[in-house]
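Undergrad: Residues per chain are reported as follows:
Number of protein chains: 4
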Amino acid sequence: SRFEYVKSYERDDSLLPGTYIVVRIDGRGFHRLSKRYEFTKPNDLRALELMNESAASVMNQISDIVLAYGDSDEYSFVFKRSTQFFGRRECKLVSTVCSVFTACYVYSWSKHFACALESDMLPSFDSRAVLYPSSKELRDYLSWRQADCHINNLYNTTFWALVLKKGLSEKDANKALEGTFSSDKNELLFSEFGINYNNEPEIFRKGTVLVKTQPVQSIENTMSERQKARATHKNAKIEIEQLHCDIIGNDFWEERAYILE
Amino acid sequence: SRFEYVKSYERDDSLLPGTYIVVRIDGRGFHRLSKRYEFTKPNDLRALELMNESAASVMNQISDIVLAYGDSDEYSFVFKRSTQFFGRRECKLVSTVCSVFTACYVYSWSKHFACALESDMLPSFDSRAVLYPSSKELRDYLSWRQADCHINNLYNTTFWALVLKKGLSEKDANKALEGTFSSDKNELLFSEFGINYNNEPEIFRKGTVLVKTQPVQSIENTMSERQKARATHKNAKIEIEQLHCDIIGNDFWEERAYILE
Amino acid sequence: SRFEYVKSYERDDSLLPGTYIVVRIDGRGFHRLSKRYEFTKPNDLRALELMNESAASVMNQISDIVLAYGDSDEYSFVFKRSTQFFGRRECKLVSTVCSVFTACYVYSWSKHFACALESDMLPSFDSRAVLYPSSKELRDYLSWRQADCHINNLYNTTFWALVLKKGLSEKDANKALEGTFSSDKNELLFSEFGINYNNEPEIFRKGTVLVKTQPVQSIENTMSERQKARATHKNAKIEIEQLHCDIIGNDFWEERAYILE
Amino acid sequence: SRFEYVKSYERDDSLLPGTYIVVRIDGRGFHRLSKRYEFTKPNDLRALELMNESAASVMNQISDIVLAYGDSDEYSFVFKRSTQFFGRRECKLVSTVCSVFTACYVYSWSKHFACALESDMLPSFDSRAVLYPSSKELRDYLSWRQADCHINNLYNTTFWALVLKKGLSEKDANKALEGTFSSDKNELLFSEFGINYNNEPEIFRKGTVLVKTQPVQSIENTMSERQKARATHKNAKIEIEQLHCDIIGNDFWEERAYILE
Ligand SMILES: Nc1nc2c(ncn2[C@H]2C[C@H](O)[C@@H](COP(=O)(O)OP(=O)(O)OP(=O)(O)O)O2)c(=O)[nH]1
Ligand SMILES: Nc1nc2c(ncn2[C@H]2C[C@H](O)[C@@H](COP(=O)(O)OP(=O)(O)OP(=O)(O)O)O2)c(=O)[nH]1
Ligand SMILES: Nc1nc2c(ncn2[C@H]2C[C@H](O)[C@@H](COP(=O)(O)OP(=O)(O)OP(=O)(O)O)O2)c(=O)[nH]1
Ligand SMILES: Nc1nc2c(ncn2[C@H]2C[C@H](O)[C@@H](COP(=O)(O)OP(=O)(O)OP(=O)(O)O)O2)c(=O)[nH]1
Ligand SMILES: O=P(O)(O)OP(=O)(O)OP(=O)(O)O
Ligand SMILES: O=P(O)(O)OP(=O)(O)OP(=O)(O)O
Ligand SMILES: O=P(O)(O)OP(=O)(O)OP(=O)(O)O
Ligand SMILES: O=P(O)(O)OP(=O)(O)OP(=O)(O)O
Ligand SMILES: [Mg+2]
Ligand SMILES: [Mg+2]
Ligand SMILES: [Mg+2]
Ligand SMILES: [Mg+2]
Ligand SMILES: [Mg+2]
Ligand SMILES: [Mg+2]
Ligand SMILES: [Mg+2]
Ligand SMILES: [Mg+2]
Ligand SMILES: [Mg+2]
Ligand SMILES: [Mg+2]
Ligand SMILES: [Mg+2]
Ligand SMILES: [Mg+2]
Numbered sequence: 083s084r085f086e087y088v089k090s091y092e093r094d095d096s097l098l099p100g101t102y103i104v105v106r107i108d109g110r111g112f113h114r115l116s117k118r119y120e121f122t123k124p125n126d127l128r129a130l131e132l133m134n135e136s137a138a139s140v141m142n143q144i145s146d147i148v149l150a151y152g153d154s155d156e157y158s159f160v161f162k163r164s165t166q167f168f169g170r171r172e173c174k175l176v177s178t179v180c181s182v183f184t185a186c187y188v189y190s191w192s193k194h195f196a197c198a199l200e201s202d203m204l205p206s207f208d209s210r211a212v213l214y215p216s217s218k219e220l221r222d223y224l225s226w227r228q229a230d231c232h233i234n235n236l237y238n239t240t241f242w243a244l245v246l247k248k249g250l251s252e253k254d255a256n257k258a259l260e261g262t263f264s265s266d267k268n269e270l271l272f273s274e275f276g277i278n279y280n281n282e283p284e285i286f287r288k289g290t291v292l293v294k295t296q297p298v299q300s301i302e303n304t305m306s307e308r309q310k311a312r313a314t315h316k317n318a319k320i321e322i323e324q325l326h327c328d329i330i331g332n333d334f335w336e337e338r339a340y341i342l343e
Numbered sequence: 083s084r085f086e087y088v089k090s091y092e093r094d095d096s097l098l099p100g101t102y103i104v105v106r107i108d109g110r111g112f113h114r115l116s117k118r119y120e121f122t123k124p125n126d127l128r129a130l131e132l133m134n135e136s137a138a139s140v141m142n143q144i145s146d147i148v149l150a151y152g153d154s155d156e157y158s159f160v161f162k163r164s165t166q167f168f169g170r171r172e173c174k175l176v177s178t179v180c181s182v183f184t185a186c187y188v189y190s191w192s193k194h195f196a197c198a199l200e201s202d203m204l205p206s207f208d209s210r211a212v213l214y215p216s217s218k219e220l221r222d223y224l225s226w227r228q229a230d231c232h233i234n235n236l237y238n239t240t241f242w243a244l245v246l247k248k249g250l251s252e253k254d255a256n257k258a259l260e261g262t263f264s265s266d267k268n269e270l271l272f273s274e275f276g277i278n279y280n281n282e283p284e285i286f287r288k289g290t291v292l293v294k295t296q297p298v299q300s301i302e303n304t305m306s307e308r309q310k311a312r313a314t315h316k317n318a319k320i321e322i323e324q325l326h327c328d329i330i331g332n333d334f335w336e337e338r339a340y341i342l343e
Numbered sequence: 083s084r085f086e087y088v089k090s091y092e093r094d095d096s097l098l099p100g101t102y103i104v105v106r107i108d109g110r111g112f113h114r115l116s117k118r119y120e121f122t123k124p125n126d127l128r129a130l131e132l133m134n135e136s137a138a139s140v141m142n143q144i145s146d147i148v149l150a151y152g153d154s155d156e157y158s159f160v161f162k163r164s165t166q167f168f169g170r171r172e173c174k175l176v177s178t179v180c181s182v183f184t185a186c187y188v189y190s191w192s193k194h195f196a197c198a199l200e201s202d203m204l205p206s207f208d209s210r211a212v213l214y215p216s217s218k219e220l221r222d223y224l225s226w227r228q229a230d231c232h233i234n235n236l237y238n239t240t241f242w243a244l245v246l247k248k249g250l251s252e253k254d255a256n257k258a259l260e261g262t263f264s265s266d267k268n269e270l271l272f273s274e275f276g277i278n279y280n281n282e283p284e285i286f287r288k289g290t291v292l293v294k295t296q297p298v299q300s301i302e303n304t305m306s307e308r309q310k311a312r313a314t315h316k317n318a319k320i321e322i323e324q325l326h327c328d329i330i331g332n333d334f335w336e337e338r339a340y341i342l343e
Numbered sequence: 083s084r085f086e087y088v089k090s091y092e093r094d095d096s097l098l099p100g101t102y103i104v105v106r107i108d109g110r111g112f113h114r115l116s117k118r119y120e121f122t123k124p125n126d127l128r129a130l131e132l133m134n135e136s137a138a139s140v141m142n143q144i145s146d147i148v149l150a151y152g153d154s155d156e157y158s159f160v161f162k163r164s165t166q167f168f169g170r171r172e173c174k175l176v177s178t179v180c181s182v183f184t185a186c187y188v189y190s191w192s193k194h195f196a197c198a199l200e201s202d203m204l205p206s207f208d209s210r211a212v213l214y215p216s217s218k219e220l221r222d223y224l225s226w227r228q229a230d231c232h233i234n235n236l237y238n239t240t241f242w243a244l245v246l247k248k249g250l251s252e253k254d255a256n257k258a259l260e261g262t263f264s265s266d267k268n269e270l271l272f273s274e275f276g277i278n279y280n281n282e283p284e285i286f287r288k289g290t291v292l293v294k295t296q297p298v299q300s301i302e303n304t305m306s307e308r309q310k311a312r313a314t315h316k317n318a319k320i321e322i323e324q325l326h327c328d329i330i331g332n333d334f335w336e337e338r339a340y341i342l343e
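Chains as they are written, first to last, in the numbering used here: chain A, 83 to 343; chain B, 83 to 343; chain C, 83 to 343; chain D, 83 to 343.
Isolated chain A, as found in the complex (with noise of 0.2 Å):
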């Protein structure tokens, strides 16, 4: 029709090859929402094993995915440096991560939580793509991510102890961590708490790793169909370890060096 020329307007966003993409997601506005559902503080774990399910199913669903870490309302998804999915199309990436997502979290929801969602503060997610060249930068991410995962969980459980457990106001609490160290907040748990720190719970300290147990297949171009299905078929047997173990080090990735080729 006379109209279509309106479709050359799109623009062709697809991303550098040879590079790392990731995509995150994270919760809009979960402060308020997990309010609403009375999220436990300062982990709710109904809520992050809810996540982690999600995310599964995008790892599931989306062979390329070789990786996910996720922490309280965000995951990223990493996918293999030389992924085509969607002729690496940034939109169509962001999307479709951000759709099956948010599709899962909330069929799953009841699974988990023995509240009903509400039609006025349905869950949903924002999701991007950043592109890492190599794989130490993409490691420097993941730790980045982890790295936070550490300092927001210490600082909420500390800040939690001294609101449910020893009666301060949210305020006084608030200020009773102003410019504190980590060391500071891991001897108040201690002293005035009993909490060793280290012994809070792995999935709490450092998040949730999701791996593919093997390589993925590349499903190229040149393939034949049948290739491109035997391929396919074998990705999607491919099974996914939850760890919640450090990822900073040098450790984790020895051990799985296929990961990043």
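The hints are simulated quantities; they were obtained by calculation from the structure and are not laboratory data.
Just to be clear, a hint being listed does not mean it is correct.
In this list, chains with the same sequence are indistinguishable; a pair is considered to hold if it fits within one copy or across any two.
Below, a list of computed lysine-lysine pairs in the PhoX-like style, where the Cα atoms sit at most 25 Å apart [stated by the list, open to error]:
id	residue 1	residue 2
1	Lys117	Lys174
2	Lys319	Lys89
3	Lys174	Lys89
4	Lys89	Lys218
5	Lys267	Lys319
Keeping the supplied structure of chain A fixed, place chains B, C and D with the ligands upon it in accordance with the hints.
TA: Same frame as chain A, but now just chains B, C and D with the ligands:
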């Protein structure tokens, strides 16, 4: 931390000011999904109403969307030209619209369908943004989608009449329609099935238009917090009208000049 | 060869259709360069005429440029909204304009300056593209540049009068002008130096506008080679008018409605 | 002024950190230009030397360029991976390299050519940027250009031998070479003209490589002004070596590991 430099790898993806932003979502693999959940052929009213409800929910939550148009498994959302929502960041807009839509679609499914969603085939959507510099191009965009709706629907109506009413195989129905023009299909529908295509429900022939019934207030950075709150409050009360009318001609637009400012 | 895959790393950088493309070039380090070649202060007519000649040369070679505006060490080139020059590829447009301008500037230098260029300080320019969706914004862009020309020129005229005629040091002249308004500078010029700023040459106060005196023919992909050749030939004969008039008000534009179509 | 908002329409075009930036310039319409100025066929040493001098001038002025490779009417400039030159802004890099190159080319023309440039056909160049995430891809890029140089030069050498020495028309020479392999052309050159292609000048067969003989100092934002000045000063003294050697194999790179860090 020493890892924070990785944040700087995020690209600034703000969209050109002064243009209309259209975000279009489209169901992923709805060919397969509509079979699994046994959508009525060629048009499933339950599915369309679920789409419309989800689109209305997006419009309610994102005040700068002034119009939406949808048919089949897709919906286009038009932002006011001057929107500063999320600083016009492409990935934020694309993912937020998509996630809010998905959440509502999954959540409201059971209100429209008797059969339950199955965990191995949840609905999800992709999403993209396109810019149109002038109202002429924006209108041509919407005309393109509505013309597409018409073409597809006329084809599908005839195709499924041949299959379901006349007993042709899908292959034969396809062949019968090869090379036919609109007029041929109109005649075929009438002569063979006594169907006057123009009497088919408008929701099938024209798709669905959602419009805000009043101009949306701009939220400017120069406004005080109080002014912002008042504008936001006003916007929240603007109602959404659901129509199945022609948007290719001028009438619709002349009656609603405020939509394009 | 097995290396050709690297070509695919080139990004598609086509600019949004339907918008005005402005390419602005600006002299690199002309503060230093104007000292080395002893440009007259505050305005060197030879330098301005060399800029204008180079800009005209760009306009002559690139038929889709319909207007150019320049002052100081910068020039802005406006492409017709529908241009398909180089498929609207940003880097092609930005670099071609810049290179043609530079070539002419270096080549024609000796026509305007008695002193020769020195190999350790050749003139060069940077270049960028900006998109404007409507004629309103395009005109505001040009108004911005012309208003900037005025502000700088009034300042520079007063500054150099204080230094060269009244014998102030640059530091003292600077201080004398701190916090002054336009009206203050006008009065100072008049009372101290008997200069009526409005009588200063228009080329200094208004900059230079180059316009094609007739509408530029579009070269469409649907045209035959012969039609294309004829249009190209016609475009080549369109003359360029050089003006030093106001382009902020409406008069200029009303007389030349064809420029913005 | 009220016009300043138009500045915000400029897009942030910074290139992804951590990647090699290659800027390639290429002569505009050198097919025609080489005829007008009667370049020697197939290779004009004066033209090549002018290209090399202009490229060296670019390298001298832009300290973060660590290597350049050129042949025919093109030159590729490789920035160090960590460059912060112009904040990695694409248009700035593309236009500056192009303009400095053009200025030198026009300025130095008369040093290499007896005939003068004519104002209706001045040399100019286009320019683009491409990103390569790793040294493998960067080397493949350079290999691609050098392999291209070889293929073109072998073809041109044979073609012009047939035309200039054997008296074939250009059309017949073209036909004679249709479908031939490298080995065919080598043999033809030897049997018909007694030319051993491997004895042809290396500058024709391999193109030209310009390398900085020492690692370039980084200018970091965290450095003091004094440290920056010292680094800049050091960089300015680094010499440029001109070579016509193979850069596809490993030797060149192993001897100069510092180039790719
Ligand atoms: N009580 C509780 N709150 C949680 C839990 N996980 C996340 N949250 C809350 C704490 C934070 O307020 C919020 C996550 O912070 P964000 O920076 O993502 O902010 P939020 O989602 O509110 O805004 P955003 O839309 O992302 O800008 O979610 C949890 O397990 N328990
Ligand atoms: N039976 C039935 N099918 C529908 C209805 N609405 C949409 N569909 C189906 C028909 C098409 O096969 C499909 C929409 O076409 P698309 O081009 O979006 O393809 P699909 O979603 O399969 O793939 P995609 O992931 O978008 O590339 O959805 C409906 O109301 N009834
Ligand atoms: N004396 C004199 N100087 C001029 C004339 N036209 C331009 N200039 C000088 C004054 C300014 O210092 C400089 C233009 O300012 P810019 O902001 O473009 O700075 P500059 O080119 O030094 O640095 P840049 O590389 O553009 O960031 O050129 C002239 O006619 N006479
Ligand atoms: N005779 C002669 N011609 C040369 C020499 N170096 C380059 N050329 C000519 C041969 C080619 O026709 C042309 C370079 O090919 P290009 O693909 O860059 O084409 P051209 O510059 O004409 O068009 P363009 O504007 O780059 O698309 O320059 C030389 O040393 N001698
Ligand atoms: O979302 P946050 O708070 O982690 O921080 P951000 O990514 O810097 O902010 P934004 O979501 O606006 O990109
Ligand atoms: O999704 P379609 O089939 O309407 O067509 P498209 O938009 O051209 O395809 P894609 O989803 O790949 O952009
Ligand atoms: O070049 P200037 O000084 O006019 O100002 P700018 O355009 O803001 O700076 P830049 O050249 O760095 O884009
Ligand atoms: O310029 P060429 O001929 O080497 O080839 P290209 O780079 O594919 O073409 P363009 O200059 O149009 O990008
Ligand atoms: Mg955020
Ligand atoms: Mg959040
Ligand atoms: Mg968060
Ligand atoms: Mg699609
Ligand atoms: Mg679909
Ligand atoms: Mg569809
Ligand atoms: Mg500048
Ligand atoms: Mg300048
Ligand atoms: Mg300037
Ligand atoms: Mg080219
Ligand atoms: Mg060329
Ligand atoms: Mg070339």
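Undergrad: Check each numbered hint from earlier against the structure, then list the numbers of those it violates in ascending order.
TA: Result: hints 2, 5 break, sorted rising.
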